[in-house]
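A.B. asks: These protein sequence lines map, in sequence, to chains A and H. Using my numbering, you'd call the opening residue of the first sequence number 1 and step up by one each time. Using my numbering, you'd call the opening residue of the second sequence number 1 and step up by one each time.
Just to be clear, a hint being listed does not mean it is correct.
[Claimed, not checked] In silico SDA-like links for lysine to any residue, alpha-carbon gap of 20 Å or less:
hint : chain 1 : residue 1 : chain 2 : residue 2
1    : H       : K108      : A       : K62
2    : H       : K108      : A       : F46
3    : A       : K62       : H       : E124
4    : H       : K60       : H       : V39
Because the hints were derived from the structure by calculation, they are not lab data. Predicted model only: the values in this text are computed from it and were never measured.
Listed below are the residues making up each chain.
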Amino acid sequence: MPSLVKNKKIYRLQDLFGDFLWGRMLAIELRDNILKDAPEKAFIDFDGVDFITRAFADEFLKVRRLLEQKNMTVELEHVAPMVSSMFTHAQTPTILSKPGRH
Amino acid sequence: MELHIERPADTTPASVINAVQLATKKIQTLRREEEHIIVTKQQTDDLLFSSLITAVVEQKRREGYLLTMKNANQLSSISIIATQKRSEMDEVIDRLTLVFLSKHNAIKNPIFYILGELIDNVFEHARSTFIVMACKGNDQTFSLTVVDVGISIPGAYRANAIKIENDCQALLQSVSGVSTKTVEERGTGLPSVKRLATAAFSGQCNILSAGAILQATPKSVSCQNLDFFWQGTAVHITGALPTKPIDLYAFLG
Numbered sequence: 001m002p003s004l005v006k007n008k009k010i011y012r013l014q015d016l017f018g019d020f021l022w023g024r025m026l027a028i029e030l031r032d033n034i035l036k037d038a039p040e041k042a043f044i045d046f047d048g049v050d051f052i053t054r055a056f057a058d059e060f061l062k063v064r065r066l067l068e069q070k071n072m073t074v075e076l077e078h079v080a081p082m083v084s085s086m087f088t089h090a091q092t093p094t095i096l097s098k099p100g101r102h
Numbered sequence: 001m002e003l004h005i006e007r008p009a010d011t012t013p014a015s016v017i018n019a020v021q022l023a024t025k026k027i028q029t030l031r032r033e034e035e036h037i038i039v040t041k042q043q044t045d046d047l048l049f050s051s052l053i054t055a056v057v058e059q060k061r062r063e064g065y066l067l068t069m070k071n072a073n074q075l076s077s078i079s080i081i082a083t084q085k086r087s088e089m090d091e092v093i094d095r096l097t098l099v100f101l102s103k104h105n106a107i108k109n110p111i112f113y114i115l116g117e118l119i120d121n122v123f124e125h126a127r128s129t130f131i132v133m134a135c136k137g138n139d140q141t142f143s144l145t146v147v148d149v150g151i152s153i154p155g156a157y158r159a160n161a162i163k164i165e166n167d168c169q170a171l172l173q174s175v176s177g178v179s180t181k182t183v184e185e186r187g188t189g190l191p192s193v194k195r196l197a198t199a200a201f202s203g204q205c206n207i208l209s210a211g212a213i214l215q216a217t218p219k220s221v222s223c224q225n226l227d228f229f230w231q232g233t234a235v236h237i238t239g240a241l242p243t244k245p246i247d248l249y250a251f252l253g
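Here chain H stands alone, though its shape is the one from the complex (with noise of 0.2 Å):
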């Protein structure tokens, strides 16, 4: 049987949002006996929105749901990889570079510093069995996604007895640089991952985890208290690439 769901109305996080709580719901609805094709109802653009769907119906899948998807997967950048599997990682990241960053080496190391950084995020708070990763872009801008289906940021927070109020103080201290760590070397993982994104390349840095959304842009920062929860963290960066090579430690703390 096939399942349909709606692409969001645009691409904007409260959209994307919208679009991801409906089709969550529709595909909760499923019974596992059953197989199904899940069909975006047009080929979505939208990196967000296709990773997030990618990570939910990847998360059924583990649990044995017969589901396949047509449409959003056709987006050859979206990647799904297990994280008790390092190879697939490499698979990835060879894949990227040939693909990608072969053709913009001046955001090579950038993007790198800022993929390594989420991946190690992953592999070292997160507590998630595979990571969605998904990239693209053109002669102008790229956007890139990491998803995961961890303990969340402030799940991790949480985990480590630091005090949070609700889920919005968790996301801005994680860009601030509080660290879910105790040793005084960490701390700028995610801060310099938003710095690149709104400075070096002056765009974007969404990040929806448990039930809030952080948005980052070159001249503001804001967040949001949901009335949707993501079991995990979604890092969306959006920005425009450079005429000239970007001095990395330029932007980093």
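In isolation and in its complexed conformation, chain A is listed as follows (with noise of 0.2 Å):
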């Protein structure tokens, strides 16, 4: 459970997803938790976090930012360099072919 820091909330990712982030849902489950707590300050801790998918990094930097638009500060922590190098390669723009379409 994220620990209370009067309106400060700490949310260790390895206890709460453990230490391979993968999928879209996680990031969505901790938006829910985050909005639900509804902290002026959120502390996002990635310690023990191994790896994270470009999906997951790719939601997570949406929720990062309507958690921002909601005037919430959020704060990441222990953030390896293979996550922050996901976090990186999810916000580079990288379509490689337009599809067809109907």
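Make the complex out of the two chains shown on their own, each in a separate frame, by following the hints.
C.D. replies: Below, the structure is given as structure tokens:
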């Protein structure tokens, strides 16, 4: 469970989801937890997280933007270089070609 | 009763598909109310074959058939993961890390990247009820297979109203970056997997989905429409273990 520090909360991802974070649903679950708690400041602790998939990274960045739009401060802690690189990769526009549509 | 199935003559995709086709026909003849043990005549070391047969048998089990497997399931690296149970996936990742990747740290991140993309694909597109995942390796080579029984790659394109002429075209599009999604950020999953397999690991990437199979090597990409239909997608990667750590992001789009 996240630790409560006045109006701040720490979300330890390893405790919540494990050390390999995949899929969008984990980021969405995190978003829902934070929205329910509604802290002014959310510390998201990546300590112990070995790897995140691109889908998780992409969704997480959307969640972060959404929370910041709601005037919450979001801080990331203990982000491993591999995880940080995946966030950078997820942010890079990478479409290779446009799909044909009916 | 025992049902004996033949292993493929060799590990080429054509042989594997032929053997899976014959085995599937035999399994389809089984009666629901009788117990059967599926026995592969020799223990196969082909992960694609073993994984596909495991998926066929698991599918039948979920339809209420009383089936167990001998031989193929003795390959301890094969895992069946229910997609509604996240904890099962975590256990498999932990086991894979402990058994295989701890010995091969140089490939941990690219293998995790490949697995991550394939798992994300299953959860985001495939609508599969389970995944069969298998991995094995030695000091020189490794192979990795992820099989689902979902809507397939051509099915995902059609479900998103993206025009495709045939299943082969869908597979070729999927590795060239035409996403089944509409948002601009997407479209690099399978191309990155293919690039890592063929460039970083100097290996092969085979994708069987619906009625086609795509084969990518370091030198070429080819696709064949089949007279066999796999309801879902199987991705099979083989590669050489590098002597130096791989810079994952140098190979990504």
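A.B. asks: Can you give the numbers of the hints that this structure goes against, from lowest to highest?
C.D. replies: The structure conflicts with hint 1 only, although it agrees with all the remaining ones.
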